[in-house]
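Can you build the whole structure from these sequences, using the hints too?
The listed protein sequences correspond, in order, to chains A and H. Take this note's numbering: the last position of the first sequence gets the number 279, and nothing is skipped along the way. Take this note's numbering: the last position of the second sequence gets the number 540, and nothing is skipped along the way.
It is possible that some hints are incorrect.
Covered by chain A, according to a simulated footprint, are these stretches of chain H (three or more residues, beta-carbon under 8 Å) [what the hints assert, rightly or not]: (1) 326–339; (2) 347–356; (3) 366–376.
Some chain H residues close to chain A (C-beta under 8 Å, calculated; not the full set) [stated by the list, open to error]: (4) ALA379; (5) ARG382; (6) HIS410; (7) ARG430.
Label pairs and their in silico Cβ distance ranges [what the hints assert, rightly or not]: (8) TRP223(A) with GLY380(H): 22 to 28 Å; (9) ARG175(A) with ALA338(H): 15 to 21 Å; (10) ASP526(H) with GLY95(A): 45 to 51 Å; (11) THR360(H) with PHE150(A): 27 to 33 Å; (12) GLY443(H) with LEU78(A): 38 to 44 Å; (13) GLY443(H) with PHE151(A): 34 to 40 Å; (14) PHE151(A) with GLY520(H): 56 to 62 Å.
None of these hints come from the bench; they were simulated from the model. The C-beta atom is built at its ideal place from N, Cα and C for all residues, glycine as well.
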Amino acid sequence: MAPLLEPFEFAFFRHGLIVATVAGALCGLIGVYVVLRSMSYIGHGLSHAIFGGAAASAAISFNFYVGAGLWGLASALLIGRVTRRRVIGSDAAIGVITTASFALGLALVNRFGAVRKSVDAALFGSILGVSRTDVWVVVGVALASAAVVFFGYRALLFTTFDPEVADASGVRTARVDALLMVMLALSILATMKVLGVVLIAAILVIPPVVARMLTDSFSKMLWLSSALGAGCGFVGMNLSYHLDISSGASIVLVGATLFGAVFAVTGPRGLRRAAAVHV
Amino acid sequence: MTSLPRPLVRLEGVACRYGRATVLEGVDLLLRAGDFLGVVGPSGAGKTSLLRAVLGTVAISDGRLWREPGLRIGYVPQVETVDWSFPVTVAETVLMGVTAGRRLPWASAAEKQAVAEVLARLGLDGLGGRHIRELSGGQQQRVFIARALLRRADLLLLDEPTSGVDVRTRHDVLHLLGDLNADGLAVVISTHDLNGIAAHLPRLVCLNREVVGCGRPDEVLTPEGLERTYGAPMEVLEHGGMRVVVDQPGRRAVPRRRGAR
Numbered sequence: 001m002a003p004l005l006e007p008f009e010f011a012f013f014r015h016g017l018i019v020a021t022v023a024g025a026l027c028g029l030i031g032v033y034v035v036l037r038s039m040s041y042i043g044h045g046l047s048h049a050i051f052g053g054a055a056a057s058a059a060i061s062f063n064f065y066v067g068a069g070l071w072g073l074a075s076a077l078l079i080g081r082v083t084r085r086r087v088i089g090s091d092a093a094i095g096v097i098t099t100a101s102f103a104l105g106l107a108l109v110n111r112f113g114a115v116r117k118s119v120d121a122a123l124f125g126s127i128l129g130v131s132r133t134d135v136w137v138v139v140g141v142a143l144a145s146a147a148v149v150f151f152g153y154r155a156l157l158f159t160t161f162d163p164e165v166a167d168a169s170g171v172r173t174a175r176v177d178a179l180l181m182v183m184l185a186l187s188i189l190a191t192m193k194v195l196g197v198v199l200i201a202a203i204l205v206i207p208p209v210v211a212r213m214l215t216d217s218f219s220k221m222l223w224l225s226s227a228l229g230a231g232c233g234f235v236g237m238n239l240s241y242h243l244d245i246s247s248g249a250s251i252v253l254v255g256a257t258l259f260g261a262v263f264a265v266t267g268p269r270g271l272r273r274a275a276a277v278h279v
Numbered sequence: 280m281t282s283l284p285r286p287l288v289r290l291e292g293v294a295c296r297y298g299r300a301t302v303l304e305g306v307d308l309l310l311r312a313g314d315f316l317g318v319v320g321p322s323g324a325g326k327t328s329l330l331r332a333v334l335g336t337v338a339i340s341d342g343r344l345w346r347e348p349g350l351r352i353g354y355v356p357q358v359e360t361v362d363w364s365f366p367v368t369v370a371e372t373v374l375m376g377v378t379a380g381r382r383l384p385w386a387s388a389a390e391k392q393a394v395a396e397v398l399a400r401l402g403l404d405g406l407g408g409r410h411i412r413e414l415s416g417g418q419q420q421r422v423f424i425a426r427a428l429l430r431r432a433d434l435l436l437l438d439e440p441t442s443g444v445d446v447r448t449r450h451d452v453l454h455l456l457g458d459l460n461a462d463g464l465a466v467v468i469s470t471h472d473l474n475g476i477a478a479h480l481p482r483l484v485c486l487n488r489e490v491v492g493c494g495r496p497d498e499v500l501t502p503e504g505l506e507r508t509y510g511a512p513m514e515v516l517e518h519g520g521m522r523v524v525v526d527q528p529g530r531r532a533v534p535r536r537r538g539a540r
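Structure representation (structure tokens):
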């Protein structure tokens, strides 16, 4: 038992564990909407776009959250606007905006080699260097997101299920869509340090898909996905310490194992439900 | 002298375009309270676009469209367009009818009572906890009608409500809509089914991008009117006081003059 409790003696691990657990719950919550709206590519692209902001902030020694946050919000709103107006296809819009942002980040990494270490952490996730500020940021974003989902539950559900009729029924769907994009951008920003840019999309997808395999109810799916995400974060972070692998990789591997286990237990019913999810 | 029912929606010279493709052109139509109207026409005639223009989800590119201020419109989509795998129960779907302005995620006692009443009225009592995929085709249609009723809609728009359902279900849906119309709900249905649905409605609009004809079934379901609407020869027979449309695949259509109505 003692070896399992050993990492809790270190403040950096405790911080990392809190961030990973809350980040898992947050991604599980937001991921339900991401999956049901077939937006996982947006989540994937947005994490890459924010990387550009993170690299730029590091290059000019600007605050990570402010720089990457503004960059991420601008990217999220731009993607949402282009997608909604159907100026070009949403996949094309995401591809252009996010890969350009990612490429800019890489260019800055090449130009300013000194920021390479922190950028590696942003790419693959690391529990080293998780500060008290990071804990407060992820807890704050999680509470804000929970409040948005609570008070906007019906509008979010109607807009996700039937956006056209929701719009005609008086729901401000444009505002709901923009709010969801902002929540997604903030969630990625808050969880980037632990989960990493490259792997964050997996945590946005795996808990909701597993939850979908277990229930046909939307409200239960929200609860389950959040709980499963938190569990993946908690277990994955502990494994990360003991196996000495990156936190993002271990959290995603725990999620993938969970997916396989639930897939085996739920059988054809789970298969049918999961097959109906278009990510 | 009896006054006419109040107007709900008025279209004057309405046109709709998707890019360069014109789907509706010069459409004039007046919908009044208590109307029960069918919209018929071939595939691609603009039936769904007309319903969506009335609903307000398709922008009109020309003309004028007026809706009574505060008009509540319920919309029943084509079953093929609904994501039946979405994780939502019957009660959750119906409750979407009272979304705007609501703050709490759960239903109040009054809302639960209202959902139970509307489900019972539509023969869906006891099915509130079921997933929407687990219902029959007719029951699935009723779920969306229930959503509109919970919203206290003044006008109900149904897009092909009987496509892919059996004869019994078609009769049930038609009778249900007749009952709702008798209670004062204005109903507009788009349909391909000339004999099973359109011939039984009090008023029809024949549409082929533009309004080709409008009136009672005996006025518009004529060989000439149908050929102008569908571009194919059709015969109209009388059977038990009802009009029965029979197509004539062996005969060629008379070429339609450009611009002719």
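Here's how the hints hold up against the structure:
no. : hint                                 : result
1   : 326–339                              : holds (count 4)
2   : 347–356                              : holds (count 3)
3   : 366–376                              : holds (count 8)
4   : ALA379                               : 4 Å, holds
5   : ARG382                               : 6 Å, holds
6   : HIS410                               : 4 Å, holds
7   : ARG430                               : 7 Å, holds
8   : TRP223(A) with GLY380(H): 22 to 28 Å : 25 Å, holds
9   : ARG175(A) with ALA338(H): 15 to 21 Å : 19 Å, holds
10  : ASP526(H) with GLY95(A): 45 to 51 Å  : 48 Å, holds
11  : THR360(H) with PHE150(A): 27 to 33 Å : 30 Å, holds
12  : GLY443(H) with LEU78(A): 38 to 44 Å  : 41 Å, holds
13  : GLY443(H) with PHE151(A): 34 to 40 Å : 39 Å, holds
14  : PHE151(A) with GLY520(H): 56 to 62 Å : 57 Å, holds
Violated hints: none; the structure is consistent with every hint.
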